[in-house]
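Undergrad: Take the sequence shown: its letters are residues 0 to 117, numbered as in numbering that gives the first Met the number 0.
These are calculated hints, taken from the structure and not from any lab test.
Incorrect hints may appear among the rest.
Computed beta-carbon distance windows for the label pairs [what the hints assert, rightly or not]: (1) F84 x L53: 19 to 27 Å; (2) P102 x L53: 49 to 57 Å; (3) D63 x I91: 38 to 46 Å; (4) G78 x D24: 27 to 35 Å; (5) V58 x Q7: 31 to 39 Å; (6) A74 x L20: 27 to 35 Å; (7) D116 x I85: 36 to 44 Å; (8) L53 x E113: 50 to 58 Å.
Quantities reported herein were computed from a predicted structural model and do not represent experimental measurements.
In this text, a Cβ means the ideal position worked out from N, Cα and C, and glycines have one as well.
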Amino acid sequence: MAFDPLSQAGAKARGKRPWFLENQDAERVLNIVMALAQEVSVVRQRLDTVERLLETRGVITRADIEAFTPTKAQADERGAWNQEFIARILRIVQQENEAITRPDEVSSEDAAREFQDN
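All chains should be modelled from the sequences, with the hints used to inform the complete structure.
TA: Next comes the structure, spelled out in structure tokens:
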């Protein structure tokens, strides 16, 4: 039987889906964004592969791309890019967590209002 990616795209674990956020709509959007982020990350890695192969070979085939294995340094560079990418996507979550631990810190909104009032 051939693998059908469309039927597998909707596959889920058995049982009721656990919700982690109070707002299920927000969690749905977060899950969609994270799935897109994963796809962007994969595209970025493939583009990196194409760029590196073109630099060294000039002409490449799909087989060259599929067979490419990054060096440790290249893999580390990709890993750093992925971490920075996810940090940018989740920046608002990080900022909200920091605000909880520093409740007396002035927000940019408060600072803007202060400048408007003057």
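Undergrad: All the hints need checking, so say for each whether the structure fits it.
TA: We went through each hint and held it up to the structure:
no. : hint                   : result
1   : F84 x L53: 19 to 27 Å  : holds, 23 Å
2   : P102 x L53: 49 to 57 Å : holds, 51 Å
3   : D63 x I91: 38 to 46 Å  : holds, 39 Å
4   : G78 x D24: 27 to 35 Å  : holds, 32 Å
5   : V58 x Q7: 31 to 39 Å   : holds, 34 Å
6   : A74 x L20: 27 to 35 Å  : holds, 33 Å
7   : D116 x I85: 36 to 44 Å : holds, 38 Å
8   : L53 x E113: 50 to 58 Å : holds, 52 Å
When held up to the earlier numbered hints, the structure conflicts with none and fits them all.
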